[in-house]
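Our numbering applies: residue 1 is where the sequence shown begins, and numbers increase by one.
Worth flagging that the hints you see were computed from the coordinates, not collected in a lab. Be a bit skeptical, because a hint or two may be false.
Computed cross-link-like contacts, EDC-like style, restricted to lysine to aspartate or glutamate with a CA-CA straight-line distance of at most 16 Å [stated by the list, open to error]:
1) Lys112 <-> Glu51
2) Lys34 <-> Glu116
3) Lys41 <-> Glu89
4) Lys34 <-> Glu91
5) Lys112 <-> Asp17
6) Lys105 <-> Glu51
7) Lys28 <-> Asp99
8) Lys34 <-> Glu96
9) Lys28 <-> Asp17
10) Lys41 <-> Glu116
11) Lys41 <-> Glu91
12) Lys105 <-> Asp17
13) Lys105 <-> Glu59
14) Lys112 <-> Glu59
15) Lys28 <-> Glu66
What follows is a list of derived Cβ distance ranges for each label pair [said to hold, decoys possible]:
16) Gln16 <-> Glu51: 12 to 22 Å
17) Arg47 <-> Gln8: 32 to 42 Å
18) Asn109 <-> Asn29: 22 to 32 Å
19) Arg37 <-> Asn109: 15 to 25 Å
20) Gln86 <-> Gly22: 12 to 22 Å
21) Thr69 <-> Ser107: 12 to 22 Å
22) Glu51 <-> Val124: 31 to 41 Å
C-beta: ideal position from N, C-alpha, C; glycine also.
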Amino acid sequence: MSSLEQTQTHILTQGQDIQLSGNPLQTKNFSIQKTLRNGGKIRFRIRYSAELKGFCLLEVFLMRAENRTQIASMTIPNGGSTATAQEQEGEFSIWEPGDYYFFFKMSSNNGKFSIEDYQLYWSVS
């Protein structure tokens, strides 16, 4: 009998079908209890498509709701074209439990981003 690597995953928050066309968007608050203090890693994954007329950044900020401070961020550059089903993933450093929210923003108003889905999760092997 072989031993399989067991991974414990806990979804911290997730969302889907967000349309950005110049105006920033703030998600509802969500609570995080599993942090880096519990060991493991906290990862953010986003899948999106874009229709742009020039260079534009998709900026994702994780904000602490209590004092509206930025905890982590991800910047996704895109050239002036159509991008279909792109996916990015990164690691976020979250040390304190509490209420948080995401803030999605475009660096310029020259098209639109369609966020198909995103997920913030904690995992440990």
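Status of the hints after comparison with the structure:
A C-alpha spacing of about 5 Å is found between Lys112 and Glu51, which places the hinted pair at or below 16 Å, so the restraint holds. About 25 Å separates the Cα atoms of Lys34 and Glu116, which puts this hinted pair outside 16 Å; it is violated. A distance of roughly 12 Å separates the Cα atoms of Lys41 and Glu89; the hinted pair therefore holds under the 16 Å criterion. Taking the CA atoms of Lys34 and Glu91, the gap is near 14 Å; set against the 16 Å cutoff, the hint holds.
Of the supplied pair hints, the one linking Lys112 and Asp17 holds, its CA atoms being roughly 13 Å apart against a limit of 16 Å. For the hint pairing Lys105 with Glu51, the CA-to-CA distance comes to about 15 Å; that is within 16 Å, so the pair holds. A distance of roughly 10 Å separates the Cα atoms of Lys28 and Asp99; the hinted pair therefore holds under the 16 Å criterion. Among the hinted pairs, Lys34 with Glu96 is consistent with the structure: their alpha-carbon atoms are about 9 Å apart, no more than 16 Å.
The hinted pair formed by Lys28 and Asp17 meets the criterion: a straight-line CA distance of about 14 Å does not exceed 16 Å. Distance check on the hinted pair: Lys41 and Glu116 sit about 23 Å apart at the alpha-carbon level, beyond 16 Å; violated. A C-alpha spacing of about 7 Å is found between Lys41 and Glu91, which places the hinted pair at or below 16 Å, so the restraint holds. Between Lys105 and Asp17, the direct Cα distance comes to roughly 15 Å. Compliance with the 16 Å bound is thereby established for this hinted pair.
This hinted pair checks out: Lys105 and Glu59 have alpha carbons roughly 5 Å apart, not beyond 16 Å. Between Lys112 and Glu59, the direct Cα distance comes to roughly 13 Å. Compliance with the 16 Å bound is thereby established for this hinted pair. The suggested pairing of Lys28 with Glu66 holds, with an alpha-carbon distance near 13 Å, which does not exceed 16 Å. Separated by about 18 Å at the C-beta atoms, Gln16 and Glu51 satisfy the suggested range of 12 to 22 Å.
Evaluation of the 32 to 42 Å hint for Arg47 and Gln8 yields a failure: the beta carbon distance comes to about 23 Å. For Asn109 and Asn29, the hinted distance range of 22 to 32 Å is satisfied, since their beta carbons lie about 27 Å from each other. Separated by about 40 Å at the C-beta atoms, Arg37 and Asn109 break the suggested range of 15 to 25 Å. The hinted range of 12 to 22 Å is satisfied by Gln86 and Gly22, whose Cβ atoms lie roughly 19 Å apart.
The hinted window of 12 to 22 Å between Thr69 and Ser107 holds, with their beta carbons roughly 21 Å apart. A C-beta distance of roughly 38 Å is found between Glu51 and Val124, which places it inside the suggested range of 31 to 41 Å.
When held up to the earlier numbered hints, the structure conflicts with 2, 10, 17, 19 and fits the remainder.
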